[in-house]
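All chains, full assembly: derive it from the sequences and hints.
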Amino acid sequence: MKAIKLLVSTACFMGMAASTHAEEPATLSIEGQAFTIQASAPAHTENLDEVTSGWIYRTKETRALQLDDFDNPGFVFVDKAIDLWNEVDGSEDKSCASCHENVEDFAGLRTTLPRAEDGELVTMEDLVNECRTEQMGAEPWKYSGGKMTGMTALIGLQSRGMLMNVAIDGEAAAFWEKGKELYYTRVGQLDMSCSNCHEDNYDTMIRADHLSQGQTNGFPTYRLKNAKLNSTHARFKGCMKNIRAQPYKVGGDEFKSLELYIASRGQGLSVETPSVRN
Amino acid sequence: MRIIGISIAVAGLLASPLAAEPVAPNDVNYEDGVVLASLTGVAGDPVNGRDVFKNRKLGNCLACHVNAEMPEESFHGEVGPELTGVADRWEQQELRAIVANSKMVFDGTIMPAFYQDTGYERPLKDFDGKSILTAQQVEDVIAYLQTLKE
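Note that the protein sequences, when read in sequence, are chains A and B.
Residue numbers for the first sequence, in the numbering used here: 1 to 278.
Residue numbers for the second sequence, in the numbering used here: 1 to 150.
By construction, these hints were calculated from the structure, which means they are not laboratory data.
One thing to keep in mind: the hints can contain errors.
[Claimed, not checked] Short derived list, chain A residues pointing at chain B, Cβ under 7 Å: (1) ARG160; (2) ASN201; (3) THR204.
[To be verified] Cut-off 25 Å, straight-line C-alpha distance, at most; resulting in silico cross-link-like pairs (SDA-like, lysine to any residue): (4) A:LYS178 / B:LEU62; (5) B:LYS57 / A:ARG235; (6) A:LYS237 / B:LEU62.
[To be verified] One-sided excerpt, in silico: chain B residues whose CB lies under 10 Å from chain A: (7) PRO22; (8) PHE75; (9) ARG122.
Note that CB positions come from ideal geometry on N, CA and C, so glycine has one too.
Quick look at the structure:
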């Protein structure tokens with residue numbers, strides 16, 4: 001097993017000392033609940049021995065923000081989503097709460113998404129928008145917009161601490177294969193694949209960034225960089241642009257397949273929604 | 001150095017009107033991990049090469065390589081080998097091949113090809129049909145790397 005380097009202190013100001021690595025046992029516990037942030041890699045993730053949460057690779061200061069829900073800025077958006085949950089919208093005069101008594105009833109849902117249904121791969125965003133258009137007679141929300149990321153954070157939070165456990169067999173198998181192919185395909189002018197950074201080089205500094213395995217168990221994630229919740233697909237898009245590649249469509253088939261594949265690589269890690277990253 | 005480079009370029013210009021053009025990315029001749037001829041016929045400028053090396057929008061070499069010659073830069077990446085003393089390990093013509101297209105030297109490497117303008121999957125529009133660096137920037141980086149001796 002690879003020992004993980006923790007960034008004990010990183011001076012973020014230009015001209016100050018560079019980051020230093022040190023060995024430190026990594027444990028994450030929030031409000032008394034313990035999280036699995038390191039687990040044996042699932043059998044289908046052939047090239048890794050273990051899977052690890054992105055939380056481990058962040059600085060001590062960033063990690064601390066996730067330890068207490070009062071400090072976690074992601075909860076501002078979760079609170080707004082609670083209001084949205086109760087807000088009537090659309091031609092049917094309904095809110096989410098009209099059909100779903102308690103948002104707590106969604107405990108466990110996040111661990112199983114995306115999932116294949118009737119020949120399609122369905123994400124949480126799809127499920128939310130299906131309720132809006134089919135049940136409420138309301139306009140769908142923008143796939144990675146503020147209302148959507150707030151709602152997927154609120155629903156994902158109900159599974160916090162539970163282990164990621166997506167299905168990759170049966171109907172899901174073809175999507176999973178597609179996602180795997182995308183994960184290993186080099187793209188862009190920098191000609192890199194997701195695996196080049198997140199499999200071959202995790203726990204390594206790439207300029208100022210400590211590379212993680214690019215896991216999705218913490219999404220939507222609050223990023224200090226843009227001070228809002230970020231969807232999985234928005235992160236994929238950002239990584240593709242960084243390697244000067246034309247991103248796939250947010251909410252499109254490619255990113256959904258990639259989302260399934262990456263979720264399966266995180267099998268066994270706890271849901272951390274909403275996590276905090278830089 | 002500078003003057004010799006220029007006189008070669010001028011001589012080339014006299015011989016054929018095309019000779020002053022840099023070698024196009026697809027015409028670079030990689031032989032056993034080396035590129036013998038300068039891409040431009042103009043000697044590289046190590047001072048500009050140093051900037052290309054650290055500039056995030058140009059080489060951004062520092063993203064992946066530690067370089068002891070730049071202690072003033074805060075963040076040195078660790079994805080590739082340290083380049084401290086790299087000139088003791090590689091000749092100019094080897095460095096040219098490594099920077100222009102490292103895949104010709106290191107099979108399957110993560111290091112981008114800095115002088116290649118075709119063959120990419122889904123390049124962003126702004127970069128389509130372009131190489132990351134110009135021929136002269138490649139020569140400048142090589143000139144800078146040649147100063148990195150221990």
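Hints, one by one, checked against the model:
1. ARG160: violated (33 Å)
2. ASN201: holds (5 Å)
3. THR204: holds (5 Å)
4. A:LYS178 / B:LEU62: At roughly 34 Å apart (the allowed maximum being 25 Å), B:LEU62 and A:LYS178 break the hint.
5. B:LYS57 / A:ARG235: holds (21 Å)
6. A:LYS237 / B:LEU62: Given that 25 Å is the threshold and the Cα spacing comes to 24 Å, the pair holds.
7. PRO22: Given a least distance of 19 Å, the restraint on B:PRO22 is violated.
8. PHE75: holds (4 Å)
9. ARG122: Holds, about 4 Å.
In this structure, the hints that do not hold are numbers 1, 4, 7, in rising order.
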